[in-house]
Amino acid sequence: MLNRLKVLRAERNWSQGDLADRLGVSRQSINAIETGKYDPSLPLAFKIARLFGQPIEAIFHDGAADAPGA
Amino acid sequence: MSTLEKRPYFTRTRLIQFAVGMVVGGLAGYGVGQLAAEIRLADDWRWSDALGMIVACLLFTLGAVMLVASFNRRAIGAMLDPGDPRPAGPPQVRLARQQGWVLALGGAMMAAPILAASLGLPYGLRAAALAGLIALFIVQTVFNLAFWQSADEVMRRMVGEVSLICFWVLQGALFLWAAGEKLGLAPALSTWDCLTVLMIFYLAVSAVIGFRRGFA
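Chains A and B, in that order, give the protein sequences.
Counting in this note's numbering, the first sequence runs from 1 upward without gaps.
Counting in this note's numbering, the second sequence runs from 1 upward without gaps.
Hints listed in this document are in silico derivations from the structure and should not be mistaken for laboratory results.
Predicted, not measured: the structure shown is a model, and the values here were computed from it.
Certain hints may be false.
The calculated lysine to aspartate or glutamate pairs, modelled on EDC-like cross-linking and capped at a C-alpha distance of 16 angstroms, are [to be verified]: (1) A:K37 <-> B:E161; (2) A:K47 <-> B:D152; (3) A:K37 <-> B:E153; (4) A:K47 <-> B:E153.
Generate coordinates for the entire structure from the input sequences, incorporating the hints supplied.
What follows is the structure, encoded as structure tokens:
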């Protein structure tokens, strides 16, 4: 799963720790999500979407739309 | 300083932690070796006793270091998360203390039966030692449950993955060994042997899973 978390965070000048505090998770968890080492659960994905004021699909995508023939 | 910048893996903090870990681990190992030599245990030990004591010392030292560090928010912050320059917040401190108690108690519980059995204690004292271990086990279970409740979903996922891998690999290995033993092709193992193998495998899998998720 790919995501725009790092970009959205940078736009707001938030550190990983700032975002972690807002979401109630550890900074390592934010790092794991940003680097694609962990796909968040739906509840956490909704929480992230609400925090950034964007729909989930604007933040997370599986790359299928970019694939040839999609 | 922006945390968006890529940080080198071998930072000054990491190197200091590594050096401190080497010194503390070395001293702990030396202490256990001296203790074993002093009370002349080593001659009677099976391989699982020696490995069990190493695991016990590792767990206890890690737990003790974590508990002591948890009284300094900056120290525990750097220890748990070198990528975040801020001191640890109250939730991180609570999590570290719970994890510290789980590890330290785990180490003490692992070492106690080996030492008590080697000392040749009478039945009454051995029964008292077992009662003490049951009490420690209950306390550790409470800390384990508290840790689970405080952990976020990534940590819980990692615990679940480690448990899953350990169950499937070890039940398979146990079946194959038991079959070999039944057929007279493999030597018999004691339950303590099995426990020691389980603990070593569990720690190794935990380290690998933690590293893969970027937690190490």
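Inset, instruction - Please work out if K37 (chain A) and E153 (chain B) have their alpha carbons no farther apart than 16 angstroms. - result: Roughly 13 angstroms separates the two Cα atoms, so the pair holds.
Inset, instruction - For the pair supplied as a hint, K37 (chain A) and E161 (chain B), confirm whether the alpha-carbon distance does not exceed 16 angstroms. - result: Holds. K37 (chain A) to E161 (chain B) sits at ~14 angstroms (cutoff 16 angstroms).
Legend entry - Agreement of K47 (chain A) and E153 (chain B) with the hint, judged by alpha carbon distance not exceeding 16 angstroms: Holds: K47 (chain A) and E153 (chain B) sit about 13 angstroms apart, inside 16 angstroms.
Inset, instruction - Measure nothing beyond the straight line between the CA atoms of K47 (chain A) and D152 (chain B); if it is 16 angstroms or shorter, mark the hint as holding. - result: Holds, at roughly 14 angstroms.
Comparing the model with each numbered hint stated earlier shows that all of them hold.
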